[in-house]
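Peer 1: Between the sequences and the hints, there should be enough to build the whole structure, so can you do that?
Residue numbers in the first sequence follow my numbering, run continuously in steps of one, and reach 1666 at the last position.
I should point out that these hints are in silico values taken from the structure, not numbers from a laboratory. Please read all numbers here as calculations on a predicted model, not as lab measurements. One thing to keep in mind: the hints can contain errors.
[As the list claims (entries may be wrong)] Beta-carbon label-pair distances, calculated as ranges: (1) H1532 to S1039: 28 to 36 Å; (2) Q1462 to A1294: 42 to 50 Å; (3) N1041 to G1187: 40 to 48 Å; (4) E1373 to G1187: 45 to 53 Å.
[Unchecked claim] DSSO-like mimics (lysine-lysine), calculated; alpha carbons at most 27 Å apart, straight line: (5) K1003 to K1015; (6) K1152 to K1180; (7) K1015 to K1101; (8) K1474 to K940.
For every residue, glycine included, the Cβ atom is placed at its ideal position computed from N, Cα and C.
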Amino acid sequence: MPDLLANLNPEQLAAVTLPNEPALILAGAGSGKTRVLITRIAWLIQQGYATPTTILAVTFTNKAAKEMMARLTAMMPIDTRGMWIGTFHGLCNRMLRAHFRDAGLPQTFQILDTADQLSAIKRLMKGLNIDDEKYPAKNLQYFINNAKEQGLRPKDVDATDSFNMKFVELYAAYEQQCQREGVVDFPELLLRCYELLAHNPPLRAHYQARFRNILVDEFQDTNKLQYAWLKMLAGEHNAIFAVGDDDQSIYAFRGANVGNMHDFEREYHVRNMIKLEQNYRSHGHILDTANFLIAKNSRRLGKNLRTDAGHGEPVRVYEAATDTQEAAWIVEEIKAMIHAGAARGEIAILYRSNAQSRTIEHTLVNAGIAYRVYGGLRFFERQEVKHALAYLRLIDNPNDDTAFARVVNFPTRGIGARSIEQLADAARLYNCSMAAAVPYVTGKAGSSIGAFAQLIAKMRAETQQMSLPETVEYVIRTSGLAAHYENEREGQDRLENLQEVVNAAAAFVQEEGYGLDTPARSIPLRPGATNAPEIGLATDDPSVDVLDPASPADPAQNPDTMTPLAGFLSHASLEAGDNQAQAGQDAVQLMTVHAAKGLEFMAVFITGLEEGLFPHENSAQESDGLEEERRLAYVAITRAKERLYLSFAQSRMLHGQTRYNIRSRFFDELPEESLKWLTPKVEAGARWGGRSDNAGWGRDWFARPGQERGERAAYTDPDAGKPLPAFANNQRAADTGFKVGQPVFHTKFGEGTVIALEGSGADARAQVRFKRHGEKWLALAVAKLQAVE
DNA sequence: GGCCTATGCATTTTT
DNA sequence: TGCATAGGCC
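Peer 2: In structure tokens, the structure reads:
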């Protein structure tokens, strides 16, 4: 039996071995959060406090869910078949598939992703002749999703003004449309699942009796609905083991409610709040910087990270004249690091908004440095892939008008906008889907649309017995998609992507454990399965023990509640795939601060630390906006393991205009002792207070002798080339007059000893351990430090 | 139907 | 500035 508890620190140990009661684990950045979570699961099972079937572990991203599953099985051989580990949406989908009838859904319901949802809304509004200048589709989408995330159906929304009343009306119409088409959007998955449990006491009792152990990752990111869903499953007696970090809550804009942490603590009378403050990632100066900054936030649960790693390097700060010059400096630093043997993949460049990446990318390209940018189009979001999926969806669920509208005339088959409008009118008139309305349209429109309907019918018939990969391949060919892209000049990539869909289908079949010949559209019996899927649950027969994992009456026990095709389509919607180009390549990593959450790098650049950008100007209008920006900066800082750079530029090209920014207020909230200004620090007052005319300011105010005006010297850090990990004390004492071990005296801090030196000339700094004031970095040009004999 | 131009818009994003 | 989208034109 593996010793799961070996090498845990006392707080981690305490968290892992808590009694089965509500618990809130405040897990700081880099504190071993995932480790605690999975060790907790393994320990519960090992000790006999839980079985795999009693465990439900929920995360936000598929990546996190996969990592959890992988590390768990690596830690301990566990039969994960009965375990529910997944994202909120994935688990809700699973439950809705198992109980589709009780949930009021067709068995083949399809999931709309955000783009599908928007086009469904646009179609709805067009049909109702709604002026989309006055009621923009995007706003309605936001309104609907927001309402759902508050758990509100149209009848529950309080609308006082005519504008909102219209939105409520449209929300209701949208719901009807979705219901008729058999589609659900993302928030609907959660709300529908919540209502399923709320309105069905036997079902609720079943799952409550089953999931005795509920574990939640990134709890600070939960929204109201997700929290309500968790409470529903927990009932009166189940333990929720919530792990999160209020200081890393950066998703308020999409509904995350940090308040859930306080609420959870209060509502469940949490006796077990454990703080994981030991950080295993960053060196001391980096942590001090993070701690100092986040301390400026109010309403924290309170936490201070510590490390055994030593101070390490100071945080380097750089002021550039322009964004271009900032990028040039970054590239020089990176070159030096690479030269010293650093791996490109261990270097990250972070920015607040995507627009900032362009300048940096250009500079990297010119320097010939491999990089990769996070974000952008994901595999299942590509046009050609979505087209292929639309045909597959129509085969599975002909009422899916979003899919129908998408491909009825793609590849083009002479069905124009007018014909489609006629069909949509007919569908509205007969209150049916477009596919069902085909017989009602006549004339030329009727015949071309009729041919399309026949094509779909033929596909449905001919794929009846085909496996999933065969079906996909058949559809790509028969739909004419393949031929279309073969004829297109630049269709080669798209063709390859279509082939990738076939491959993805084959991989899916394999991973899900279906036989390769399993028909895509029947619910198969897998080897070892004893029952056909039963839908509607054991509630029909109260004598059946629904908790018996072997019981055929427990459909949730049987993963085979979806056909391979439905599973694949769900997979495509819920897991849109990688958006990281050239993954695996050793390349410098570019991403937004949001995208960096959860990652770590040897060296991190946080760029564009300017008022208006970071903190972002729009945050000023949001309640608690500045605090969220500060948390964002905190997340960014805590990504760095050994080296951290903070930079800002006096001027920056944004939206085609040059903006002049002042440095971020966050600099005034950082510990001066942990910073090393590579460019001279200019007090805000010195520049702004004394400025009477602004001719040329910001370009050449700091030009040094011998430099051209407006040209910036390469302020490349002379230490950048030190190997990573690098921070052996710099013994150079050449021009400082001090050396390591030297006893010194400071007028304010008293007696101390020099323990490190770095930089030279005006940048020279000494780290001093004072007898009564601890360790500090002092700029020798400024500090009045005297050598003591 | 496809191509071209005019126009508007630009914080962060997973499912 | 640069992209996505919409609308007009051939």
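Peer 1: Compare the structure with each hint and give your call.
Peer 2: Going through the hints against the structure:
{"no.": "1", "hint": "H1532 to S1039: 28 to 36 Å", "verdict": "34 Å, holds"}
{"no.": "2", "hint": "Q1462 to A1294: 42 to 50 Å", "verdict": "44 Å, holds"}
{"no.": "3", "hint": "N1041 to G1187: 40 to 48 Å", "verdict": "57 Å, violated"}
{"no.": "4", "hint": "E1373 to G1187: 45 to 53 Å", "verdict": "50 Å, holds"}
{"no.": "5", "hint": "K1003 to K1015", "verdict": "14 Å, holds"}
{"no.": "6", "hint": "K1152 to K1180", "verdict": "7 Å, holds"}
{"no.": "7", "hint": "K1015 to K1101", "verdict": "22 Å, holds"}
{"no.": "8", "hint": "K1474 to K940", "verdict": "13 Å, holds"}
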